[in-house]
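Asks: Sequence:
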Amino acid sequence: MILVSTTVMFGVMYLNTYELWHVEFSETRLYMSLLMGATMTAIMLAFMLGMHRNRKVNAAIFGLAALVFVGALWLVRSQSAVEDRTYMRGMTPHHSIAVLTSANAEIRDARVRKLADGIIASQCREISEMQWLIDDIDANGRATTPADAAARPVPEFDDRC
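Going left to right, the sequence shown walks through residues 1 to 161 as this note's numbering numbers them.
The calculated lysine to aspartate or glutamate pairs, modelled on DMTMM-like cross-linking and capped at a C-alpha distance of 20 Å, are:
1. 114 with 159
2. 114 with 126
3. 114 with 158
The hints are simulated quantities; they were obtained by calculation from the structure and are not laboratory data.
Please take these sequences and the hints and turn them into a complete structure.
Replies: The following block contains the structure:
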(Lines of atoms letter the chains of each structure in order from A and count residues from 1; the text may use other names and numbers.)
(Lines give C-alpha, C1' and ligand atoms only; values in the text may rest on other atoms or scores of the structure.)
Protein backbone atom coordinates (compact mmCIF):
# COMPACT_ATOMS: atom_id res chain seq x y z
CA MET A 1 0.00 0.00 0.00
CA ILE A 2 2.79 2.42 0.91
CA LEU A 3 4.72 1.61 -2.28
CA VAL A 4 1.63 2.16 -4.44
CA SER A 5 0.80 5.42 -2.64
CA THR A 6 4.37 6.66 -2.98
CA THR A 7 4.38 5.84 -6.69
CA VAL A 8 1.05 7.61 -7.18
CA MET A 9 2.33 10.67 -5.27
CA PHE A 10 5.36 10.79 -7.59
CA GLY A 11 3.02 10.97 -10.59
CA VAL A 12 0.66 13.44 -8.95
CA MET A 13 3.53 15.90 -8.53
CA TYR A 14 3.56 16.33 -12.33
CA LEU A 15 -0.11 17.26 -12.68
CA ASN A 16 0.59 20.98 -12.39
CA THR A 17 2.98 21.23 -15.34
CA TYR A 18 1.97 23.66 -18.07
CA GLU A 19 2.59 21.37 -21.04
CA LEU A 20 2.68 17.58 -21.19
CA TRP A 21 6.08 17.66 -22.91
CA HIS A 22 7.49 19.49 -19.87
CA VAL A 23 7.14 16.30 -17.84
CA GLU A 24 10.63 14.88 -17.34
CA PHE A 25 11.93 12.44 -14.76
CA SER A 26 13.11 14.35 -11.72
CA GLU A 27 15.37 12.79 -9.11
CA THR A 28 14.31 15.48 -6.66
CA ARG A 29 10.66 14.54 -7.10
CA LEU A 30 11.60 10.90 -6.55
CA TYR A 31 13.38 11.79 -3.31
CA MET A 32 10.41 13.91 -2.20
CA SER A 33 8.09 10.99 -2.93
CA LEU A 34 10.27 8.75 -0.77
CA LEU A 35 10.15 11.38 1.99
CA MET A 36 6.36 11.42 1.79
CA GLY A 37 6.17 7.62 1.70
CA ALA A 38 8.40 7.30 4.77
CA THR A 39 6.37 9.93 6.60
CA MET A 40 3.11 8.23 5.64
CA THR A 41 4.51 4.88 6.84
CA ALA A 42 5.33 6.26 10.28
CA ILE A 43 2.01 8.10 10.64
CA MET A 44 -0.10 5.16 9.48
CA LEU A 45 1.73 2.75 11.76
CA ALA A 46 1.39 5.13 14.69
CA PHE A 47 -2.39 5.17 14.17
CA MET A 48 -2.55 1.40 13.79
CA LEU A 49 -0.24 0.31 16.62
CA GLY A 50 -3.16 -1.38 18.36
CA MET A 51 -3.72 -3.55 15.30
CA HIS A 52 -0.08 -4.61 15.04
CA ARG A 53 1.08 -5.91 18.39
CA ASN A 54 4.50 -7.24 17.40
CA ARG A 55 6.81 -4.62 18.87
CA LYS A 56 9.88 -5.86 17.00
CA VAL A 57 8.14 -5.61 13.64
CA ASN A 58 6.74 -2.18 14.53
CA ALA A 59 10.19 -0.98 15.62
CA ALA A 60 11.71 -2.33 12.40
CA ILE A 61 9.08 -0.54 10.30
CA PHE A 62 9.59 2.72 12.20
CA GLY A 63 13.36 2.30 11.86
CA LEU A 64 13.15 1.64 8.13
CA ALA A 65 10.82 4.61 7.66
CA ALA A 66 13.26 6.82 9.60
CA LEU A 67 16.20 5.53 7.55
CA VAL A 68 14.41 6.17 4.25
CA PHE A 69 13.31 9.60 5.49
CA VAL A 70 16.83 10.64 6.52
CA GLY A 71 18.39 9.24 3.34
CA ALA A 72 15.85 10.88 1.04
CA LEU A 73 16.10 14.16 2.94
CA TRP A 74 19.89 14.11 2.55
CA LEU A 75 19.53 13.44 -1.19
CA VAL A 76 16.99 16.28 -1.57
CA ARG A 77 19.08 18.75 0.40
CA SER A 78 22.51 17.83 -0.99
CA GLN A 79 21.49 17.16 -4.62
CA SER A 80 24.64 15.02 -4.66
CA ALA A 81 23.24 12.52 -7.17
CA VAL A 82 22.10 15.23 -9.61
CA GLU A 83 24.31 16.05 -12.61
CA ASP A 84 23.98 18.37 -15.62
CA ARG A 85 21.23 16.61 -17.55
CA THR A 86 19.28 15.33 -14.56
CA TYR A 87 19.40 18.85 -13.11
CA MET A 88 17.81 20.28 -16.26
CA ARG A 89 15.30 17.43 -16.52
CA GLY A 90 14.21 18.20 -12.98
CA MET A 91 14.11 21.94 -13.56
CA THR A 92 11.93 21.70 -16.68
CA PRO A 93 8.75 20.68 -14.81
CA HIS A 94 9.66 23.14 -12.03
CA HIS A 95 9.77 25.99 -14.57
CA SER A 96 6.58 24.67 -16.16
CA ILE A 97 4.77 24.97 -12.83
CA ALA A 98 5.82 28.63 -12.66
CA VAL A 99 4.38 29.16 -16.15
CA LEU A 100 1.08 27.46 -15.25
CA THR A 101 0.72 29.43 -12.04
CA SER A 102 1.66 32.74 -13.66
CA ALA A 103 -0.64 32.18 -16.64
CA ASN A 104 -3.70 31.02 -14.71
CA ALA A 105 -3.61 33.04 -11.49
CA GLU A 106 -6.38 35.59 -11.04
CA ILE A 107 -4.04 38.58 -11.08
CA ARG A 108 -5.68 42.01 -11.08
CA ASP A 109 -2.81 44.31 -10.10
CA ALA A 110 -1.09 45.55 -13.29
CA ARG A 111 2.33 45.39 -11.61
CA VAL A 112 1.84 41.80 -10.55
CA ARG A 113 0.54 40.91 -14.05
CA LYS A 114 3.68 42.46 -15.55
CA LEU A 115 5.80 40.40 -13.16
CA ALA A 116 3.86 37.22 -14.00
CA ASP A 117 4.22 37.84 -17.74
CA GLY A 118 7.96 38.30 -17.27
CA ILE A 119 8.10 35.04 -15.34
CA ILE A 120 6.23 33.25 -18.14
CA ALA A 121 8.62 34.62 -20.77
CA SER A 122 11.79 33.81 -18.86
CA GLN A 123 10.66 30.34 -17.78
CA CYS A 124 9.56 29.38 -21.32
CA ARG A 125 12.86 30.62 -22.73
CA GLU A 126 14.79 28.67 -20.09
CA ILE A 127 12.78 25.48 -20.73
CA SER A 128 13.76 25.69 -24.42
CA GLU A 129 17.38 26.38 -23.48
CA MET A 130 17.47 23.42 -21.11
CA GLN A 131 16.01 21.10 -23.76
CA TRP A 132 18.64 22.31 -26.23
CA LEU A 133 21.44 21.81 -23.70
CA ILE A 134 20.23 18.28 -22.85
CA ASP A 135 20.23 17.39 -26.55
CA ASP A 136 23.64 19.00 -27.11
CA ILE A 137 25.22 17.22 -24.14
CA ASP A 138 23.69 13.92 -25.27
CA ALA A 139 25.08 14.41 -28.79
CA ASN A 140 28.44 16.07 -28.06
CA GLY A 141 29.27 15.55 -24.40
CA ARG A 142 29.78 18.19 -21.75
CA ALA A 143 31.45 21.50 -22.56
CA THR A 144 33.89 21.39 -19.66
CA THR A 145 36.08 24.35 -20.57
CA PRO A 146 35.35 27.92 -21.62
CA ALA A 147 36.75 27.04 -25.06
CA ASP A 148 34.34 24.10 -25.38
CA ALA A 149 31.43 26.33 -24.37
CA ALA A 150 32.47 29.05 -26.83
CA ALA A 151 32.63 26.49 -29.64
CA ARG A 152 29.06 25.38 -28.89
CA PRO A 153 27.18 28.56 -27.94
CA VAL A 154 23.61 28.32 -26.75
CA PRO A 155 21.27 29.85 -29.36
CA GLU A 156 18.71 32.50 -28.52
CA PHE A 157 15.23 31.17 -27.83
CA ASP A 158 11.88 32.89 -27.94
CA ASP A 159 9.76 33.26 -24.85
CA ARG A 160 6.83 31.06 -25.88
CA CYS A 161 6.19 27.59 -24.48
